[in-house]
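**Student:** Work from the hints to combine the two standalone chains into their complex.
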Amino acid sequence: MKEVIAVVRINMMNQTKQALTDCGIDAFFVHEAQGRGKGFVNPEILEGVQQGHEEAASLLGEKGKLYPKRLLTVVVEDSLVDDVVETIIETNQTGMPGDGKIFVVPLGDAVRVRTGEAGEQAII
Amino acid sequence: MMIMIRSIIRPEKADAVLAALMDAGFPSVTKYAVAGRGKQRGIKIGDITYDELPKVMLMSVVQEHDKQFVIDTIMNTARSTGKGAFGDGKIFVTEVDESYTISSGVKETSAEETSEASEEVPA
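Chains R and G, in that order, are what the protein sequence lines are.
FYI, the numbering used here numbers position 55 of the first sequence as 55, with every residue one higher than the one before it.
Here the numbering used here = 1-based position in the second sequence + 1000.
Hints are computed from structural coordinates only; laboratory data are not their basis.
Yeah, the Cβ is synthetic: ideal placement off N, Cα and C, and Gly gets one too.
One or more of the hints may lead you astray.
[As the list claims (entries may be wrong)] Where chain G lies over chain R, by a calculated footprint (3+ residues, C-beta under 8 Å):
(1) 22 to 36
(2) 66 to 80
(3) 97 to 105
Looking at chain G on its own, in the form it has when it is part of the complex (with noise of 0.2 Å):
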């Protein structure tokens, strides 16, 4: 089965968590800017409440086996030093039910890949 991770983190962490994928062998990742603001409502600072605040969404699809490696991976280099802070995202994880890679047009489904693996194995 295909998992998409979609983890909303912060931008100056972006260049640290799509380093830390790339030395753990997981590369494809799509990178968008997004604005939000969590259940703190945001930040106030005097009286100017900032309700958007800017971060960086990442979006990567991996195989089931592979899906906590992944998110532990995010998470340790995401979070802030100590305990981690408020602000520093979350991470959701979906199915995906098709994949289909436009170059080759080959399509994976969640059953066919899985059945390729265990192919693989005794090959």
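Chain R with its partners taken away, still in its complex shape (with noise of 0.2 Å):
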């Protein structure tokens, strides 16, 4: 079992809950959320950064813009993940920055809270 953490557009996010429902995703919850990811910046000022370089801290410009997005959470079985990903992707794809990430995360077990059915049972 697999929690997939998509970080997504605001405006992409009706074709992305359509897409979902075609591919037979049904259930998943979403939150509004702010991020940020690396931007326009050059890994290799970046990496300057992180290695403690002052010069390279001033060249990274503006600090800090978040910009607000949607965060999806969609949790389905192992066989499913690479189906869900693919759709996220295709929807979600302008090939401009800021498109989002999405995370696979291991998930140890799920209960259907109105039954109490647990495991894979719980997210069909």
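**Tutor:** Now the structure itself:
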């Protein structure tokens, strides 16, 4: 069982919901979130900052602007992870920075509160 | 190996922590508002008990060798002056199997990332 955590653009939510429904994923939940990524920063500068060079830190430019995003969490069986990831990438990809990230995290167990079912029965 | 660090901190400390992470060279982070309580069962002021206190959750994913540094940065910045106080928050650390950048479709897995890093050193 895996938890797929995706950060996506706000204006892509409707398409993403529709695409997930089309691929058979009905259950997920969404947080309103704000975030930032590496942005347009040169990776070499970033490496310099991580090594503690002060000149590199001053080259980073505009600091810490957070953009509004949606945080999407889907819990699925291992076999469906690739489908979900592929669907989210296909729907959200514009090729510009800021499209978001997807993380796949292992999950121990899930329980349906209504019936008390645990394991894979709980997420079908 | 990639590590997800989720920290629950005081809302008024969020800006300081975000700035500290940026200065330390870890700009990527996602922030969302949450409400919760700890083992002190919320806070009691007079007759009123507040059992859901507003907090901010920060989520960032880093390489394993940066884990301790990022945790220390968050912890030192988010802690109240002195020895700290109840309500300063918690940090949770979990492993991440795979991570994808949507704009490029690039996939990073825990295993690949370590092999890539070792290739980059001689170049």
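**Student:** State for each hint whether it applies.
**Tutor:** Comparing the hints with the structure gives:
1. 22 to 36: That given contact holds, which follows from 6 residues of the stretch 22 to 36 of chain R lying within Cβ reach (below 8 Å) of chain G.
2. 66 to 80: It holds, with 3 qualifying residues against the three required.
3. 97 to 105: With 9 residues in contact (Cβ-Cβ under 8 Å with chain G), the coverage given for the stretch 97 to 105 of chain R holds.
Violation of the numbered hints given earlier is absent; every hint is satisfied by the structure.
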